[in-house]
Amino acid sequence: MRPLLFTAVRLLDPATGLDAPGELLVQQGRIAAFGPSVDRPDGVEIVAGEGACLCPGLVDMRVHFGEPGTEHKERLASGIRAAAAGGVTSVAVLPNTRPPIDDPAMLEFVARRARQLKSVKVYPYAALTKGLEGRELAELALLKEAGAVAFTDAEQALADARVMQRALAYASALDLLVVQHPEEPSLASGGVVNEGAIAVRLGLRGIPAIAEVMMVERDLHLVRATGARYHVAHISTRAAIDAVRRAKAEGLRVTCETTPHHLALNELEVEGYRTFAKVSPPLRAEADREAVVEGLVDGTIDVIASDHSPQDQDSKRLPMAQAEFGVIGVETMLPVSLRLVHEGQMSLLDLLRKLTVAPADLLGLEAGRLAQGAAADLTLFDAERPWKITEAGLSSLAKNTAFEGRLVQGRVLLTMVDGRVVHRFTA
Amino acid sequence: MIDLTFRQKHLLGIEGLQPWEIADLLDCADRYVDLNRRPAKKLQLLDGLTQINLFFESSTRTLTSFELAGKRLGADVVNMAVQGSSIKKGETLIDTAMTLNAMRPDVLVVRHQDSGAVSLLARHVNCSVINAGDGSHEHPTQALLDALTIRRRKGRLEGLTVAICGDVRHSRVARSNILLLLAMGASVRLIGPPTLLPRAFSTFGCELFTDMAKGLQGCDIVMMLRLQNERMQGSYVPSVREYFHLYGLTREKLAHAAPDALIMHPGPMNRGVEIDGVIADDIDRSAILDQVEMGVAVRMACLDLLTRDWRAAA
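Residue numbers (our numbering), protein chains in the order written: chain A, 24 to 450; chain B, -2 to 311.
The hints are simulated quantities; they were obtained by calculation from the structure and are not laboratory data. Be aware that a few hints might be false.
Below, simulated EDC-like cross-link-like pairs (lysine to aspartate or glutamate); rule was C-alpha separation at most 16 angstroms, straight line [unchecked claim]:
1) K339/A with D92/B
2) K339/A with E88/B
3) K38/B with E64/B
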């Protein structure tokens, strides 16, 4: 592989706080050097940055790529293509495939399939309970050794308090990360949109905001009792964010993430029965969206993850109650999140931390940093460049974006994994 | 006939209708009430037009009412009950819509168990669509016939106080009535147990009551809603007996309303559950059979107005 030099870039490394103009040299798939100027080896290929941002490749810790089981909605290959187009170089795929990833052989199968594609790095989650049924623990230690980065029952809350207590206790001894879908199912089941005035007017069953905080607070008691590492997926309500903030102050090993759609959109999106805005957890009231932004700004929310959930047309062109939950997002995560920077709510470095080093550290990945000798997983992007999100312009197989027709600012220009260019923007 | 043009292509809900459009519809329906009382009821207004009544949810009175309305205006009316048939074969709502559309109907009257399903269907057809009830969302012709009933008995809508009692949460009748009555200047009170009356209903601009006697105080209209049996299993209410004790309309509770208060019910009634049979049958107080009569007239008016542009073009 020819050495490659990024020139005239804005180097951004949230792990060290680096934000300076400079150059970065990639050799043999690794970051060989970076700084104000670096020596040019013979035969070097130059990528002229023209002032664009160069940061560690983004890490998306929550995606569904449909394989195996729902290949008609998304495949690893198409999901990875979408990730690359979004500047994402590592993804963690959820275990609710068919069959689910609750067995080391399944986990190895998915990891091998992804490796064969030689592109974006795919790290599987494993199920917390067998068959994601919430009753018996999966083989957590064996799954960990097979490469599971964290454990979760994906889109189902582990509702049984005793099973959760055992899962957390068992996981704490192995220092595993337990990820919860925070929703009390007995309150949320049958609901399709956020409970409140809009649900009432549309005659749709609501999912109350308190279903989220109830599950989080229950789990926090169990975390306190077990000392486990606990992560709240796609947090969406003020009350739950407040609960996590208090737990962090108390010193519990608790983290949480939110999604681009929960930081950018509110429940008004479901007006006119727009099923493309039907997500789990539902888009919430504006006050909750504001709390999500506050939580990101003050550090309560550690990570932004896309929760990329591909759905085909037939799963969405239905009455609201029958349509599937979920939106895609791996490809639009960066530009949608950049809104916080453009609106002056966060610095670019602080935002990038939640998209790179924070999720990498949570999952224990060697990723998310600009370091000499580190794998050259890099994202080059123009933070200002405006564009319009359209279905046709997206790489993923599924087209269920909640941002169709929206103008955003920030375009990924080039994505590199282990020194290989896996995406290059062409105007 | 009144010379009206109606700017809507479909009637999907009361939401989106302007007060003057509601008034026009009611004025037009008023004429049909008179027509329906004549021995010779049939007109040739919709001669040659096809009306399909597409019902995904069973119904007797609404279906019959729409069928009669279409036939009295001279349309060719076809009833399609879809429960089970195509749905079981895996056909989606949009497929059903496009299939029927290819048969070139002029009006589709649709009832569906899911909120929003009728507007989804309307986006995939060329003809006019009338919502005959979608989930818990809207039932606009019911609200219109209720308004016509009230207007004929009380002479106006504006300034009246209307109480809607019962399972407001699941009721499309309640939602359409709330929207219509508020748009026409009435005030609306909602009465029911908290389990069936979400607080968010106050955002419509209604007053909420859990105490029926207080809610009925001085009301001009008492609209009772049907309590469906499955609500017992959902632990919305403990028992029929207890529900009737708290929210069943009896003479004692009715005494709190205005002396000339009118009693309404969209039907079918559960006697002894939400309403005492004696009150339902009191012809001085109960407008329940008027409502049924107004139903046909209102649906004729809707069919007439929605097809005017088409007929003018033809």
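Hints breached by this structure: Violated: none.
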